[in-house]
Structure formats: C-alpha cells, structure tokens
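These protein sequence lines map, in sequence, to chains Z and W.
Position in the first sequence counted from 1, then plus 181, gives you the working numbering.
Position in the second sequence counted from 1, then plus 1, gives you the working numbering.
Please keep in mind that the hints were generated in silico from the structure rather than gathered at the bench.
Check the hints yourself; a few may be wrong.
From the structure, some residues in chain Z lie toward chain W, with a derived Cβ separation under 10 Å [claimed, not checked]:
#  : residue
1  : Val-226
2  : Arg-255
3  : Val-258
4  : Leu-261
5  : Trp-268
6  : Ala-298
7  : Ala-299
8  : Tyr-338
9  : Trp-358
10 : Phe-433
11 : Tyr-437
12 : Gly-476
Here the structure is a predicted model, which is why all the values come from computation and not from measurement.
No residue lacks a Cβ here, since even glycine has one placed at the ideal position from N, Cα and C.
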Amino acid sequence: MRVPLVTISGAVAPPRRLETTRSLRQLRVALPFMLPGFILLLVFVIYPLIRGLQMSLYDWNLMAPSQSTFVGARNFVRALTLDPTFWVATRNTVLYAAITVPSQMLLGLGAALLLNAAIRGRPFFRALYYLPVVTSWLVVSYVFAYLFTGGLGPVNYLLVNVLHVVDQPIDWLQETWTAEVPINLLGIWKGIGWNMVIFLAALQSIPADLQEAAAVDGAGTWQRFRFITLPLLRPAVLFVSIMLIIGAFNVFLSVYLLTGGGPEGSTEVLLSYMYTQAFKYLDFGYGTAVGLLMGIAVVTLSFLQRRMLRGSVQY
Amino acid sequence: MLGIRELVDRAQGASRGGRTGPRWTRPLVYALLIAGAIIMVTPFLFMVATALNPERWIMPYPPTLFPENATLANFERAWNEAGFQRYVLNSAAVSSVTVLLTFVVATTSAFAFARLRFPGKELIFGLYLVTMMIPDMIALLPKFTVLRDFGLTDSWFGLWAIYVSNGVAFNTFLLRGFFEQLPRDLEDATQMDGGGPWTIFWRVLLPLSRPALATLAVFTFLGSWDDFWWARLLLQNPDLRTLPIGIALFFNAHGTQWSTVFAATTLAVVPEIVLFVVLQRYFVSGMYAGSIRG
C-alpha cells in the first residue's frame with residue numbers, strides 16, 4: 182500500500198471519522214521512526230529531570246529511597262541562605278563565565294579575522310588552533326597541572342628565571358586566587374579554536390561585494406566593520422555566546438583535577454560542589470537542589486540572551 | 002593605527018576582489034597567526050617532550066622542549082602497564098557502539114520530524130528543543146539513581162543509554178535541519194514508483210546525508226571516547242573500565258612520574274588527533290551547521 186507522505190488539507194474540513202483514521206494511519210507510519218528516540222528522551226532525559234525535582238524536595242535516602250523524608254523547600258533554602266560554600270561555588274562559576282566567555286569570543290574572532298585575511302596556510306593554522314578543542318578535558322587538565330606546578334614548574338620558570346616578573350615561584354594550585362589562573366586560562370585556551378571556526382564560517386558567508394560597495398560609497402574601515410561585518414555576525418555571536426555560557430556553567434572536570442575544589446572548598450564550582458555533596462556526603466537531595474538551581478540560572482540566562490540579541494539582519 | 006586599519010580591512014574581505022593593501026600587512030597577519038599558533042601548541046609540546054624524557058622521577062629543570070637522550074621507554078612502560086591495552090579496546094568498543102546506536106536513533110527520529118506528518122509532531126519536537134537548552138550535567142544525580150533502579154550500573158548498557166540519550170535531542174535537531182535542506186524531487190519520484198517511507202529513508206535520504214552522518218559520527222565518537230564522569234560513576238568492574246578512567250587511575254598511581262603519565266596521555270590523544278586530521282572538513286561543516294541554525 183502506498184502511504185501518502187504529504188497530505189493536502191482541503192478547504193472543507195473532512196468528517197471527524199475520516200480524520201481519526203487518517204491520524205491513525207499517519208501514526209502507524211511515523212511511530213517506528215519516531216519511537217526509539219522519543220522513548221530514550223522520555224526515559225533517560227525527561228524522567229530524570231522530573232525525578233530530580235522530586236529528589237530535591239527530600240532528604241534523599243540513597244540506599245532506601247522510599248524511606249526518604251520530605252523536607253519541602255528546605256534544600257533550596259539551605260543553599261540560598263545558610264550555605265556559604267554554595268555562594269563561593271556560585272561566585273567561582275560566574276567568575277569563570279565572566280572571564281572565559283568574552284575572552285574566548287574576542288580571541289576567537291580575532292583569529293578568525295586573521296585567518297580570513299591569510300591567503301595561504303589557512304587549513305594549517307585552523308587545524309593548530311582547533312587542536313585543543315578535540316583533545317579531552319582530562320588530558321589537557323593534567324597538562325595544565327604540570328605547567329602550573331609549584332616550585333620548579335615550567336610557568337614558574339618562565340616568570341621567575343626568564344621574564345623576572347616575580348621573585349618567588351608561585352604555589353599556583355594551593356591558593357584560591359592563584360588557582361583560578363590556570364583554571365580560567367585552560368578554559369580560554371581550550372575554547373578559542375571553536376569560536377574561531379564558527380566566526381570564520383560566518384565571516385566567509387558575508388558577500389564580498391557588500392564590503393566593496395560600501396568602500397566605493399566612501400565608508401571607512403571602522404565604519405564597515407561596525408555597520409556591515411558586526412551586524413552580520415550577530416547570529417553567530419548569539420549562538421556562540423549561548424553555547425559558551427552553558428559550557429562555562431558546566432565547568433567541572435578541570436577544577437576537579439586541578440584543585441579538587443580546594444583549598445577548603447574555595448575553588449569549588451557549582452557542579453563540583455554538587456558532586457561533592459552527593460558522593461562525599463551522600464546528600465543526594467541537596468546535591469540535586471544545587472544542580473537544579475544552576476539549571477534554572479542557565480536556562481534563564483540563555484532566554485535573556487536570546488531576547489537581547491534577537492532581531493534579524495537584512496541586507 | 003593605520004596598520005591595524007589595513008589589517009581589519011583585509012580581514013573583512015574587502016580586498017578579496019583583488020585590491021591589495023600595503024605589502025607589509027601580510028607579514029603582520031602571519032606574525033600574529035604564528036604567535037597564536039605557538040601558544041595553542043606549546044602545552045602539547047611540553048606533554049610530548051616530557052613523555053620523551055628519560056628521567057622517570059625528576060621533573061626536567063630547566064624545563065625544556067628538547068630533552069637530552071630522548072627515549073620511547075616511557076611509552077613502552079605506559080602501553081604495557083596493567084590494563085592499558087584493555088582500556089583502549091574497551092573505549093574503542095564503547096565508542097563505536099555509541100556511534101552505531103546514535104545513527105539508528107537520530108536518523109529515524111530526524112526523518113520522522115523532517116518528512117512525516119503525524120498528530121502531536123510540533124509539540125513533541127518542542128520538547129526536544131526544550132531539553133537541548135538544559136545542561137545535562139545538572140541531572141547527573143537523578144540520572145544516576147534512575148540507572149541504578151534499572152540495574153544499568155556497572156555495565157556498558159548504562160553508558161550507551163546515557164551517551165545516546167544525552168545526544169538524541171541535539172542530533173535529531175541537527176539531522177532534521179540537514180534533511181529539510183535536501184531537495185524533494187528524488188523522494189517524489191521514489192513515491193511515484195511505489196516506494197514507501199522506508200525506501201525513501203533508506204535509499205534516498207541516508208545516501209544523500211553522508212557528510213552530515215560523518216559529522217555526527219565524529220562528534221559522537223569523541224564525546225564518548227572522552228567521557229570521564231559517567232564511566233567513573235557507573236563502572237566498578239576493572240574489566241569494563243574505559244581509557245579516561247584508566248588514565249586517571251594511572252595518574253593517581255604515578256602522579257609524580259610525569260614522564261610516564263604523559264606517555265599514557267599522549268597515547269590516548271593520538272586517536273583523537275588522527276580522527277581530526279583525517280576528517281577535518283566534517284568538524285568544520287558540523288559546527289557551521291550548528292551555527293547557522295542557532
């Protein structure tokens with residue numbers, strides 16, 4: 182039997198029974214295609230989210246979930262009002278986003294502009310810049326731990342013995358603010374290539390005659406950058422900034438491997454704190470609440486960004 | 002400042018039509034590009050240089066990118082370390098099956114949303130889009146308990162369930178976008194010849210989608226090859242461990258022997274870099290597909 186893939190809706194509404202049989206027929210065709218993915222999404226993505234909402238309202242008993250005590254919003258109240266480490270983790274996460282997101286975007290855009298200007302060797306440079314993106318967080322975290330070793334590490338050698346900008350080797354990973362340096366530098370370094378590739382693609386989709394026409398009309402370099410290139414990059418900027426902020430809030434493994442959240446929880450970020458609460462103190466209810474608070478923040482942020490940067494560009 | 006102006010001018014593509022700026026802007030472009038490339042590559046060079054260092058116990062001082070008496074002994078030691086080869090094979094198996102399962106799930110879903118009509122379609126696709134916005138790590142703990150309830154801890158099935166389902170929304174979204182761009186003429190012709198949706202899906206759409214599928218494969222493979230958290234949370238049995246877990250254990254056991262640790266990480270990174278170099282264009286096209294639709 183031939184199944185029409187495209188149905189044409191007529192001007193006259195069909196009788197209800199016909200419509201039901203048509204729906205059923207469509208479903209019979211579509212379900213085998215749609216169900217595997219939809220079931221996975223329901224069972225392993227949506228159900229855990231609902232389960233998380235539930236868990237966050239309990240003093241969750243990991244061994245015997247049915248014996249968990251309902252505590253209402255107490256986990257959330259605890260995080261927001263009673264737990265200074267939660268706010269330290271929030272501060273570090275927000276700081277990480279505030280530092281790494283703009284830096285990556287600016288450096289990535291800069292690299293893309295340079296590559297767009299380079300006539301030869303473009304694939305070569307693109308590959309080198311992209312190398313940190315494809316290597317695993319685990320490996321590059323260890324590499325940065327090595328580079329920023331206290332005492333005789335390469336970065337200390339560079340600063341003390343080569344550049345002479347500091348007198349004493351720095352114990353990078355042992356103190357809060359010095360530990361933030363490698364954590365943030367790693368985030369920037371690893372992300373530049375990704376930004377570059379997207380901005381380069383966006384730059385190359387800008388028609389060259391647009392620039393030339395503006396030049397003929399007497400528009401200067403900055404004017405053309407400000408009024409042609411930048412507006413046309415807007416969709417890319419929106420996409421990149423949303424992805425990067427989500428990514429920045431997901432910072433976890435590098436912190437876990439570089440400092441383990443220490444000293445005394447002062448470099449903890451939200452996800453590492455969630456993890457500590459769950460697997461060190463076995464407080465799954467509280468850990469889930471921390472995760473959900475972070476989720477709410479991320480979704481709100483992306484929503485706001487979308488509103489701010491929306492608006493189509495026409496040319 | 003005039004120099005920077007010329008630079009930006011050229012970068013914006015105004016000169017692509019043949020007009021060239023002063024001769025010295027080009028050297029400046031390359032100088033900056035090379036400086037950037039050095040910063041991007043140096044950490045890797047340190048990793049490899051340390052792995053080649055014959056001293057097992059002492060950090061080379063002063064730090065050098067060209068160790069004297071370079072040796073491959075560290076690679077040999079890492080490769081023959083208990084479990085290392087097993088971890089590599091495990092990771093290869095886990096990642097390959099993840100790619101295969103992702104193909105099955107994502108292509109069929111994307112076909113349904115791109116080409117079929119059925120009641121509730123828009124609503125369900127909206128659900129896919131919403132879940133894409135939510136970072137999956139926030140549900141780490143509930144997902145862990147759900148997997149435990151299903152008895153999927155300490156097995157690769159748990160990993161596959163997580164890897165495939167974490168990617169299902171985004172991959173469906175990406176492929177649906179790709180399918181929708183394909184011309185419908187061939188499908189119409191197939192339909193005229195009596196071909197049903199399976200024929201269209203299998204014989205028309207999939208063969209036309211090779212570039213998109215390659216992109217999907219690359220990112221999915223790397224995602225599961227790199228995953229640390231799920232493998233660490235789910236796998237207890239040493240025989241099932243994947244490479245990232247192996248490396249972390251290795252680091253915990255030999256943390257002070259950087260040369261051995263970095264020999265192991267270099268070995269772990271090689272497949273990623275080979276994959277990237279061979280399939281570079283798919284990396285780029287995949288990212289671009291994401292960016293124009295975002």
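Do the hints match the structure? See the list:
{"no.": "1", "hint": "Val-226", "result": "5 Å, holds"}
{"no.": "2", "hint": "Arg-255", "result": "17 Å, violated"}
{"no.": "3", "hint": "Val-258", "result": "19 Å, violated"}
{"no.": "4", "hint": "Leu-261", "result": "16 Å, violated"}
{"no.": "5", "hint": "Trp-268", "result": "18 Å, violated"}
{"no.": "6", "hint": "Ala-298", "result": "4 Å, holds"}
{"no.": "7", "hint": "Ala-299", "result": "5 Å, holds"}
{"no.": "8", "hint": "Tyr-338", "result": "5 Å, holds"}
{"no.": "9", "hint": "Trp-358", "result": "22 Å, violated"}
{"no.": "10", "hint": "Phe-433", "result": "7 Å, holds"}
{"no.": "11", "hint": "Tyr-437", "result": "9 Å, holds"}
{"no.": "12", "hint": "Gly-476", "result": "4 Å, holds"}
Comparing the model with each numbered hint stated earlier shows that hints 2, 3, 4, 5 and 9 do not hold.
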